[in-house]
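A.B. asks: Taken in order, these protein sequences are the chains called A and E.
For what it's worth, the working numbering labels the leading residue of the first sequence as -19, then goes sequentially.
For what it's worth, the working numbering labels the leading residue of the second sequence as 998, then goes sequentially.
Watch out, some of these pointers could steer you wrong.
Pulled a few chain A residues facing chain E out of the computed Cβ check, cut under 8 angstroms [stated by the list, open to error]:
#1 Val97
#2 Ile277
#3 Lys285
#4 Ile287
No lab work stands behind these hints, which were simulated from the structure alone.
For glycine and all other residues, C-beta sits at the position ideal for the given N, C-alpha and C.
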Amino acid sequence: MTEASPAKPYALHLGVIALLFALSFVLPDYHHGLLARIMVLAVFAMGYNMLFGYVGLLSLGHAMFFSAGLYGAGLTVYHLGWNVPAAFAAGLACGALLALVIGLLALRTTGVAFMIVTMMFAQVFYLVILYFASWTGGDQGLVVQQAARVLVLGSASLDLTNPTVRYMSALALFSIVLLITLAIVRSRYGRVLVAIRENEERTKMLGYDTFSNKLIAVVVSGTICAASGAAYALLFGYVGSSFASVQYSILPLLWVLLGGAATTLGPLIGTLFMYYVIDITSGFTSAYLLIVGIALILLVLFFPKGILGSIRQRWLGWLP
Amino acid sequence: MHFGPHLLLAALEGLVTSAVLALTALGLSLVFGVMRVVNVAHGEFFMLGAVLAWAISTAISGHPAIGFLAALVLAPLIVGAIALVAERLVLRRLNYNPEATIVATIGMLYIIQQLALTFYGPEARPVEPPFSYRILLPWFGYSGYKLSVIATSALLLVATWLVLTRTKIGLVMRATQYDSETAQAFGIPVDRVYGGVFALGAMLAAIAAVLIVPISQAHYLMGQDPLLLSFIVVIIGGLGSLRGTVVAAVLIGLSDGIISVFFSPTLAKIIATFLVAMVLVFRPHGLFGTASR
């Protein structure tokens, strides 16, 4: 390792954040709105990547963490009239608590059983949302009114429905989560996670408590996904059960696979790429699920490492 | 209606569900048992069977029974061929790696579902039953066709069991399931067995769908519930165990039928899914399964 190596990744990440900040002033309205949404969903993908990329645990149920944040924030605003920071915190707390419980149960299993168990818990969560349709709005969902989505800071108040404020809030959340992920994966703890992914038995033999390390990773991952969900509810004002369906468990997997599992910027690239592929193709076909399906198969067949994973392997070994 | 006849009706409905479920789950169980592949697209093979049954029976004029019988033979063959192509093109190239195959079969799920939506459309379409004979019980009349579904399914299950335990093909399959490397060393074409088992699994799902389609209609999203229920059955019955699969299918089908008559179907699904997840967490080899080596 050379002297400059720790500085390079931080420079790259700050550069990406600066680029996204600059884009806010030049993008036309449509792409401006789309990019805000992509950044929020990229946070979801980063949370997923934390577990799938670094610990090697393939979950098929992350939609439940996203929607825990979504409903935690959305329902407290909608029914209890909480203000924005309190609702966001409620979303985070719901996600963290759910992740802790699910982690304690699901981590007793490994491999294929882990995928099925997470998928089933997510399905239970989805059905519970449908069952309590009188509070959650069921598959119709709820629309959070504009008046409730105002962030009051001292004397200033920020209207989260304003496109610029929305973009900047999304960027702020994205930047914080990106830097947190970067710090985690470069820390000692991040290395332990990778060691568990590569060889759990050996890590155990070296004296690490793999269960509690994995549990912490599930909670961190779930909380990040919940942050994305809570931000989605508050920024875009819509809370619906489709976000809890199995499709929203598979989308982050697709984004992470596409961008590159176990790369910090991969989730952003994957989400951005997939969103624009769907956006462009939806111009002449409504069959976007077909594209998702073909992309998944081509990715596992030919690019199991994803875009950034391949770049890291070929050229940039230092990429975190 | 009194409680007793009501319960009998619920139990009969449950048995029809069980019969179809047992066939579908058996397909999933065979694929998992022999190939160690979790086929997430299994429900879509079920849906394809139903959609093809509609297409074949409407293409053939004359008595509904002719169209239905043609569908019962042709639809599973077409679905089996599609599954075989998918297996050769995708799963084999992935070396049957468990995680990669899950992602790939999710991809297949989306592709099949979208193609069905594009070419078949979003409508639910009925298929006429081959005969409409009502059996009169003292309390209510019951569809003779539904009873014949139970009988057909039972026959097919026994036939599968005989093939697995009494024929050379079954022996080859069991040997591959037991230890594929040793089987290969003894000259068993493991690669071709995998292709055949994947096609067979899909065909079983398609047969189940053709049987159920005169009762419930063909729809492009109809694969979701059978997939989840089959997972539940296969897990409770123990992955890769035929007897466990059948017992679990009857158990789940009956309780699903009875619970959804007396309670909300959503609540029934919530409870069933949650209990099964718990079974998988605390008894990973199922209630009837034995620990694999």
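A.B. asks: Now tell me if each hint is right for this structure.
C.D. replies: For each hint, the structure was consulted:
1. Below 8 angstroms, beta-carbon pairs count as interface contacts, and Val97/A has one with chain E at about 5 angstroms; its hint therefore holds.
2. Interface hint status for Ile277/A: upheld, as the beta-carbon distance to the closest one in chain E is roughly 4 angstroms, under 8 angstroms.
3. Interface restraint check for Lys285/A: the shortest CB-CB distance to chain E comes to about 12 angstroms, outside 8 angstroms, so the restraint is violated.
4. Annotation: interface hint on Ile287/A violated; nearest CB of chain E at approximately 16 angstroms, more than 8 angstroms.
Against the hints set out earlier in the document, violations occur for numbers 3 and 4.
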